[in-house]
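Enquirer: Chains as they are written, first to last, in the numbering used here: chain X, 930 to 1233; chain L, 338 to 943.
Don't read these hints as lab results, they were simulated from the structure.
Okay, derived cross-link-like pairs now, EDC-like style, lysine to aspartate or glutamate, Cα gap no bigger than 20 Å in a straight line:
no.	chain 1	residue 1	chain 2	residue 2
1	X	K1175	L	E370
2	X	K1008	X	D990
3	X	K1175	L	E367
4	X	K1168	X	D1068
5	L	K389	X	E1166
6	L	K389	X	E1164
7	X	K1168	L	E370
With the Cβ distance kept under 7 Å, some of the chain X side facing chain L (calculated, not the full set):
no.	residue
8	S1027
9	L1125
10	E1155
11	V1160
12	A1165
13	E1166
14	F1167
15	D1169
16	Q1174
17	L1176
18	V1183
19	Y1187
20	V1191
21	S1194
Cβ coordinates follow ideal geometry from the N, Cα and C atoms, glycine included.
Each chain, written out:
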Amino acid sequence: MTDPRTNRPDLMDPALVAGLGSIELVARRIVDGFMQGLHRSPRKGFSVEFAEHRQYQPGDDLRFIDWKVLARSDRWMMKLNTEDTNLRATIVLDVSKSMHWTGAPGRLTKAAYAERLAATIALILLRQRDAVGLIRFDDQVRSVIPPRSRSVHWHRIVKALDDPGAGLASDAPGGLMRAASMVGRAGMVLLISDLLMDPVEVADTLKGLASAGHHLTVLHIMDPAERDLAVGAIEAEFKDPESGQKLAATVADVREAYRTAVVESVDEWRQHLSGAAASHEVVLTDHPFGMPLRRAFMNRQILP
Amino acid sequence: MSFLAPMALLLAGAIAVPLVLHLLRRKTGEAVEFPALRYLLRAQREFSRTLKLRNMLLMLLRIAAVLALAFAAARPVGRMVGGGHPPTALALVLDNSLSTSAVVNGESVLARLKNAARDALARASAGDRAWLVTADGRVVGGDMNAIRDAVDRIEPFGGAGDIAGAIARAAQLVQSSGIPARQLAILTDGQASTWSEVAALDGISVTVFAPAVAPPRNRAVVRAVPEPPHWTPRGVIRATTSATDSVTFRVMLGGKATARGTAAPGAEVSVRLQPTERGWIAGSVELEPDEMRGDDTRWFAAHIGAAPAVVADPGAGAFARTAIDALVQEGRVTRGSDVVIAGAEAARRPAVLFAPSDPVQLGAANRALQRAGVPWRFGSARIGPAPVRGSGLDGVSALRWYAIEAVPGSADAAVDTLARAGGDAWAVAGDGYVLVASPLTPEGTDLPIRAAWVPWLGAAISDRLGGDAGAVTEAAPGTVVARPSWSRELEWPDGTMHAVTDARMRAPTRPGVYFWRRGTARGGALVVNAEVAESDLARATVASMQARLAGSDVAVFGDAGSWTPSVFAVTGRRALEGTLLIVALGCLAAEAFVTRAVPEGTEETD
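Throw the hints in and build the complete structure from the sequences for me.
Expert: Laid out in structure tokens, this is it:
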């Protein structure tokens, strides 16, 4: 009997899934698999249901006056529907040069993994009638797609993912500030980055976003080789592709210390981000896409 | 510390490998693009001290391992606490001279020495080289089993041997071994007469075992001489014994006891014999056995022949006739014309010839000598008196004589000079003649009026003119002797014949009488007896032995239990390569441990 998990792209090897085709195709398959795993209809719970009343104010659209309440109680009340409370999400994607790296030839680069993950998240949200926007940044903001909830909007997002990037630095605060300015009311901001940057500055920016009522989620993309210093060389001169800084080291000598440094660094990020009311998830590029998707959405209970 | 293979120390240069790798490690290796460099920097920063210490420790361990391996390959030898000994070149010098056959407290000294030698060899290890050198000149090398077998087979030598030569030979062996640790282990009875020569033993450790036992009282025959060597057929055996009290002796001749007697301590005894046998015959003077049997018998050889027939030439004078009458009366000669006593002017052979009493006849005398084949001529006249120096001629003076000169080209002129007077040859002898430079008159010499006249004449006739009896060669066991040119075969006491080809040969090691063969008959004798000094069992002092072993590291022990541990204990040094290999392995194990060790403060990342 065939394990149904083997047929679900969201649980397959990301490199294998990526080989199925374009980002668009891959994202659709992942979403289909992901939704199938939830055992819930993506349409269920999606409707223009009544949400609440509020006092009519001059200038309000007369179409939303609740005439039944007016008839029964002679009060002018405005009827607010769930359509009005749909999520406005902005995906802030790091496309700096450090993201375009993989520790193994058959593995996706962090950027490729993140792009497919962003496309997948966007598609899920759009299918929920949520508005989704995209901001790509490296040392500057490269692409800005304002949040929209129309289904065709996803194609714009996918197309934007193909835009150039790979700058020599990661200006996450800039991208986050741009996201805050785009989302007029409280929404969700999803930062996808390898976080090879200063956590304090990013955390400060996120605190500002959190105070504005945004739900913040950070997907920390990491290649397994970055976690374990699993490079093929014994003696190597390591070079940072962004800063050009070099460091010679014997892998066996420093591996354990490196692992400790990674753990400590991840803990620091977690502490900083928790202070900013942001959830933090480490996503390894050899993990199936379903894992970060579930973590990203389960934290906020925003799944359909 | 010293090294058996010092060239291997060059391997120590390999320490440059870990050193250079350590120093240049930041410049080696391939370039790797790595975005998470900040983590690596952080690791380096936070654990740099630990890493530096760890890297330094690794470098030191690797260098130590290389050095230990290099030193081990160089095969070091040095002082170190612990058992074992370094590879040692050991020469056992075992004194098996006759004196070691003395029995003390029921066991021979040689047996004690052999037991000690076995105990010493039991301490040998695989890296040792050993030789056994005995006083009789034998050298045995090879593996330890061969040497142990050789020790077991050692028998007492018949004579003193050459212990000094054995020590010198042993020293050469260990010095040429190429092994730094060298030792001579000398096992001897410590006989005082043994230590007469100084052996140079610089750079060699010497340990001596001389059993501290009192030597037994020894009786020995120290002299047994037949007189004259050629009996006609009567003769005398003169013997001397060495003993602290009177001893009984017997004289054996041709295997039969011919005389017995008692000899006072140190006194010479004379035994007159007139055997019936003829020709060369072996004899011995024997004592009752004592603690050292080897010197209880002393051998001699005598040639027994018929009395020569002698006549005095009318011109020889009354002294010659009177002497012949006396010799005839003694039975030493008979009357006949085989040998003549005459003036040189009537020279013939065999004869005892005197210078002419009348100087006018000097020319005729020289011509007669020439015709007779005598290689001497009378020269210028000499006027004395001058004392005559020669065997049996004590107190005799030459009053008038002629210088007798050898004919040029005569090979045996010098050898056959019997007596000299005033610097000239006075009496010479050769094949069938005895020539005297003075006339046989009271004006020429006082010999005929001296008591020595008749005995001298009798000895001259029997020894020189009694026929070609051959010669007796006296030798100690194992010493070098000259083979008579006319003999190619030696008859041993057991009757077996042994071919002799070399002009010089070593005398047999077993005392006894050996006969030179001339054709099918005995032509002479080789008498082998132990050295007289070997019968003196007095011990040398420790100081005396140390003084004669001229080395810087000489130890003398009287007890085997104390001596045995000193063998192979050459300055307490031993091979260190095994220890160094262990050190190297320890360094490599530690290096592997440190390499795998997780620095403090690290933990696994999930």
